[in-house]
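A.B. asks: Sequence:
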Amino acid sequence: MPKFIIGNTVVLQSHPFQENITSIIISGEFLMIPPIMIVTEIINHDDDPEPKPVNKYKCIWFSSKRNQFVESNLLEGDLRLINLKEIEEEELQLGSLVALKTLPVELGKERSFLHSELLQNSTKKTNTSSGLLTFVSPVMSVIEIVKHNDEKDSKVSSDIKRKKIYPENLVKCKWFDAAGEKFSEYLLPIESLLVIPKPNEELLSMLSKAISEDSYLLTGDTLLKPLQLSNRSGYFHLTYFDYVLNKNISKEIDQIIDPKIILNPFKTHAPIFKKRKKGGKIILKQTIDINTLLEKALKRTDKKYLFIKYQDRFGQITTRTISRYELIEGEDDLSLKKSLIKYLRAFCHLRNADRNFRITSIIEVSELVLAY
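Under the numbering used here, think of the first position of the sequence shown as 4, with each following residue one higher.
It is possible that some hints are incorrect.
[Claimed, not checked] Restraint-style ranges between C-beta atoms, simulated for each label pair: (1) Glu-79 x Phe-33: 23 to 29 Å; (2) Lys-306 x Ser-67: 49 to 55 Å; (3) Leu-15 x Lys-306: 53 to 59 Å; (4) Phe-269 x Gly-111: 34 to 40 Å; (5) Asp-357 x Ile-24: 37 to 43 Å.
[As the list claims (entries may be wrong)] Straight-line distance between alpha carbons at most 25 Å, and here's what the computed BS3-like set of lysine-lysine pairs gives: (6) Lys-164 x Lys-185; (7) Lys-263 x Lys-284; (8) Lys-307 x Lys-345; (9) Lys-212 x Lys-177.
No wet-lab data here; the hints were simulated from the structure.
A quick note: this is a predicted structure, and the numbers were derived from the prediction, not measured.
Idealized CB from N, CA, C, for every residue including glycine.
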């Protein structure tokens, strides 16, 4: 029995990816990394007399450099299986947008570079990474679905044809060949394809409106500042600032669940200053201070996330989102007087751990509209 079946995704034994691990970053000479391929035909020698020849597999991939599909016949011992999500045949129909099922993993491939910077007294070495898109499939339109006709395989001998396992259904796909500046067509086994889902136009419109109006989004258990919509090989992504995780994130828009547009992410803010006249001069008067805001936030039954701007003892200023906070007192180990210092002890979502923040070092604090 053949080790692989039509539609299996396979790689050469030399490929760094493992059967269930495709998140390995490529370093070194990335151009020598072979493609992730899909089995499209099998030559089965199981019924041959001893010594049996090794089973062969016709494998296909897409070359971004040549802008063409490429096929190769490979021996069973040369290949390893890579597990990817299978699609169901009934999802595919005329007019569907499709790509090779290797698209998600090829889009996610990354390469790393070692960068050396010569400083005055030392050398600073850093690793940077970028996408490795050498074998990314194009997004194609389904223009025809046909049964396989093995009579068209005229160059194959009748003995080999008898041993061949063909795909039952083939899909004729059309895409734009950028290298040749023309439209091209190709027949592919239905098992080799994944269907690109149609975008939610209502959601796209809402996200676009939120970006253009400089608004914010409440969704699930987080608060977002939408920054940019992008299309990545047929999939729409939203890049946003996550106020809970305190960092920029990019996600497919179908992972943004039940968003609600809001105009202001903050319930309260401190310190707040207001202008007033005194002695014929305009001066600033503080109306809400940080201690007052913290005391009110601690008394709430539905406690909100706090977004703080903090200066550490080295003078570095960072922003943090915190929850599960409380006021505590502790000794200042750096002071000879051992005086008591007020701290805000909280869970820091940037560091994913509990942290202690000196109250006197908190420059600004905002109470988010989101409760935890």
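A.B. asks: Hints first: check each against the structure and report whether it holds.
C.D. replies: Each hint tested on the structure:
1. Glu-79 x Phe-33: 23 to 29 Å: 27 Å, holds
2. Lys-306 x Ser-67: 49 to 55 Å: Between Lys-306 and Ser-67, where Cβ atoms are some 51 Å apart, the hint holds.
3. Leu-15 x Lys-306: 53 to 59 Å: Roughly 55 Å apart at Cβ, these two residues keep to the hinted range, so it holds.
4. Phe-269 x Gly-111: 34 to 40 Å: At roughly 35 Å between Cβ atoms, Gly-111 and Phe-269 fall inside 34 to 40 Å, so the hint holds.
5. Asp-357 x Ile-24: 37 to 43 Å: At 32 Å between Cβs, range violated.
6. Lys-164 x Lys-185: Since the Cα atoms of Lys-164 and Lys-185 sit roughly 34 Å apart, the hinted pair is violated (cutoff 25 Å).
7. Lys-263 x Lys-284: 44 Å, violated
8. Lys-307 x Lys-345: 21 Å, holds
9. Lys-212 x Lys-177: Violated, because 33 Å separates the two Cα atoms, which is more than 25 Å.
Checked against the numbered hints above, the structure breaks hints 5, 6, 7, 9 and satisfies the rest.
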